[in-house]
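**Q** Starting from the given sequences, assemble the full structure and let the hints guide the process.
These protein sequence lines map, in sequence, to chains A and B. Residue numbers for the first sequence follow the working numbering, beginning at 10 and rising by one. Residue numbers for the second sequence follow the working numbering, beginning at 3 and rising by one.
Mixed in with the good hints there might be a few duds.
[What the hints assert, rightly or not] Covered stretches of chain A, going by a simulated chain B footprint (3 or more residues, C-beta under 8 angstroms): (1) 33-47; (2) 80-88; (3) 149-158.
[As the list claims (entries may be wrong)] Pulled from the structure, derived: some chain B residues nowhere near chain A, Cβ distances all over 12 angstroms: (4) 17; (5) 40; (6) 41; (7) 42; (8) 45; (9) 47.
Just so you know, these hints were derived from the structure itself, not from any lab. For every residue, glycine included, the Cβ atom is placed at its ideal position computed from N, Cα and C.
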Amino acid sequence: MHRTDEESDSQEEELLRMARTGDRSALGALLQRHEGTVYRFLLSRTQDEDKAGDLAQETFVKALRSLDSFRGDSSFRTWLLAIARNEFRAGYRQGLRRKEQSLESVVQIADDSRDPEGDAIRGSEVERVRRELAELPEKQRMSVALRLFDGLSFREVGEATGSTEGAARVNFHHGIRKLRERLENGE
Amino acid sequence: MNGHDGTHEMREACGEILDLLSVDFSRSLSLVERERTERHVAECSACAEDFRFMAMVYGTRPQPPRSFAMEALAQYEAELSRRPSGWWSGSMAAAAVLLLAMGIGLASQASDPSGDFAGWTVAVESEEGMEDWAGDDWFIAGAPYLEGVSDETLLVLLTEGYFE
Ligand SMILES: [Zn+2]
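**A** Here it is in structure tokens:
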């Protein structure tokens, strides 16, 4: 397929081989290759930096514990994202009740934060893009993030978001178009 | 090959180019694909605009605030170091079973059943790695030094309160 993907794949195979012998630096390098992708996937899913960080760490611990069970049927990245998806589901179930209880107070806090200083920060370009991205429907938001930020194939995006490859592509294109409309037309 | 067809062909190509452009930032394009997109973008202002927009969005890509991978690795290594080692689960486990057997013998003869046996239990529990097994359900979890002890013996130990 892609020349650069092939190079990257063979590097990854070598890292995996060394990681399985317990080579610490190979284990670290292998996980760090996908650290950003796993974190951004969870951030896009939870929309919460702290939760995304906790779940990312738990994802990597689970991966380390079950590295022997990785058979290479999918890419290592796809395998990690599947673990991350499970971690999110487990964490979501745990936090669901608490979240429902605190929803009113969260809305209250959001209203209280409409101060001039806060508006200045939100007014910056990066914050504006992130805010509009966060406003997209979940599957569009995640498809844009996984495709644009981390270069996942539409098949991988589909697997990570629970969609087909075709739906992932459509979600990406709709998401990008909507994001552009919102950012160019202002509030 | 009239203008309409040409426009349609161009739109098809633009969709494909947009797909390719969207992974250009993460360096997933081959040289051939890169040359193809560059040629297209040089002549198609719509795709050039899309590319600029996606580059701007890519620039807002969030980064992990710290290395969760390395923190996970440290956590995992700490877990491994707390697990019973091969040395413990081998010869020491056999020795512990022997000590337990001796403890049963001593306890059954002693007027106070908590005497010597309690001492042996403390010695065993102070071994490194035992905290993994010494929770509320440590007996049920199958502590390594109980391997080889018959179910009948375990039942006697349990009913007589040696694990309390
Ligand atoms: Zn075009």
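**Q** Each hint: holds or not?
**A** Results for each hint:
Interface restraint, the stretch 33-47 of chain A with chain B: holds (9 residues with C-beta to C-beta distance below 8 angstroms; minimum three). For the stretch 80-88 of chain A, the assignment as covered by chain B is violated, since 0 residues bring a beta-carbon within under 8 angstroms of that chain's beta-carbons and 3 are needed. Taking a C-beta to C-beta cut-off of 8 angstroms, the stretch 149-158 of chain A contributes 4 residues in contact with chain B, enough for the three needed, and the coverage statement holds. With a closest Cβ-Cβ approach of about 8 angstroms to chain A, residue 17/B is found to fall inside the 12 angstroms limit, against its non-interface label.
At roughly 16 angstroms from the closest C-beta of chain A, the C-beta of residue 40/B stays outside 12 angstroms, upholding its exclusion from the interface. Separation of residue 41/B from chain A is adequate, the least Cβ-Cβ distance of about 18 angstroms exceeding the 12 angstroms criterion. With a least beta-carbon separation of about 17 angstroms from chain A, residue 42/B lies farther than 12 angstroms from that chain, consistent with its non-interface assignment. Against chain A, the non-interface label of residue 45/B holds: every CB pair exceeds 12 angstroms, the least being about 21 angstroms.
Residue 47/B, annotated as away from the interface, keeps every beta carbon of chain A farther than 12 angstroms; the closest lies near 15 angstroms.
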